[in-house]
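Engineer: Sequence:
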Amino acid sequence: MSRSRTTQDDADSAAVLSALGSKYSAEILCAAGTPKSAQALSEDIEIPIATCYRRIEELVDAGLLTCEGRQLSEQGRRTNIYRRTLDEIEIDFSDDAPAFSRKRRTEAKNKLQDKLED
Numbered sequence: 001m002s003r004s005r006t007t008q009d010d011a012d013s014a015a016v017l018s019a020l021g022s023k024y025s026a027e028i029l030c031a032a033g034t035p036k037s038a039q040a041l042s043e044d045i046e047i048p049i050a051t052c053y054r055r056i057e058e059l060v061d062a063g064l065l066t067c068e069g070r071q072l073s074e075q076g077r078r079t080n081i082y083r084r085t086l087d088e089i090e091i092d093f094s095d096d097a098p099a100f101s102r103k104r105r106t107e108a109k110n111k112l113q114d115k116l117e118d
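Under the numbering used here, residue 118 is the last one in the sequence shown; the count climbs by one each step, no gaps.
Wrong hints could be hidden among the right ones.
Claimed, not checked - Computed spacing ranges between beta-carbons, pair by pair:
{"#": "1", "residue 1": "Asp92", "residue 2": "Ala26", "range": "16 to 26 Å"}
{"#": "2", "residue 1": "Thr51", "residue 2": "Arg77", "range": "33 to 43 Å"}
{"#": "3", "residue 1": "Cys67", "residue 2": "Leu20", "range": "14 to 24 Å"}
{"#": "4", "residue 1": "Ala15", "residue 2": "Ser94", "range": "12 to 22 Å"}
{"#": "5", "residue 1": "Ile47", "residue 2": "Glu68", "range": "19 to 29 Å"}
{"#": "6", "residue 1": "Ser101", "residue 2": "Glu68", "range": "19 to 29 Å"}
{"#": "7", "residue 1": "Thr34", "residue 2": "Glu57", "range": "14 to 24 Å"}
{"#": "8", "residue 1": "Glu27", "residue 2": "Asp96", "range": "38 to 48 Å"}
{"#": "9", "residue 1": "Ala97", "residue 2": "Gln71", "range": "31 to 41 Å"}
{"#": "10", "residue 1": "Asp96", "residue 2": "Ile49", "range": "36 to 46 Å"}
{"#": "11", "residue 1": "Leu72", "residue 2": "Ala99", "range": "34 to 44 Å"}
{"#": "12", "residue 1": "Arg78", "residue 2": "Thr51", "range": "15 to 25 Å"}
{"#": "13", "residue 1": "Cys67", "residue 2": "Ile89", "range": "17 to 27 Å"}
Think of the hints as simulated: they come from the structure by calculation, not from any bench. Idealized CB from N, CA, C, for every residue including glycine.
Can you build the whole structure from these sequences, using the hints too?
Structural biologist: Below, the structure is given as structure tokens:
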């Protein structure tokens with residue numbers, strides 16, 4: 001049984017699949033369980049900073065990563081910090097177009113994880 005799809009659904013699906021299909025995207029999402037700057041993500045997964053910024057932009061555009069605010073870097077510059085917006089995603093290819101099931105991160109889980117990291 002096929003559900004009714006909109007152009008927006010198709011665009012969202014394409015953005016998610018494209019972002020997940022890019023090299024290093026999964027590693028960035030795994031590393032971004034707690035708020036981190038692009039520099040910290042780049043260092044954690046050992047990729048060039050320019051590549052990290054490109055992947056971050058794709059993941060943010062796809063709704064898989066969010067900018068949680070800004071913090072001061074060690075050099076005294078304000079930098080964006082990012083955290084993933086979900087813990088799990090399931091992609092179903094059995095219909096005419098991919099369907100997604102997402103397990104979103106709750107604000108309570110984010111706060112608890114932040115406390116445990118301190």
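Engineer: Of the hints given before, which are not true for this structure?
Structural biologist: 2, 8
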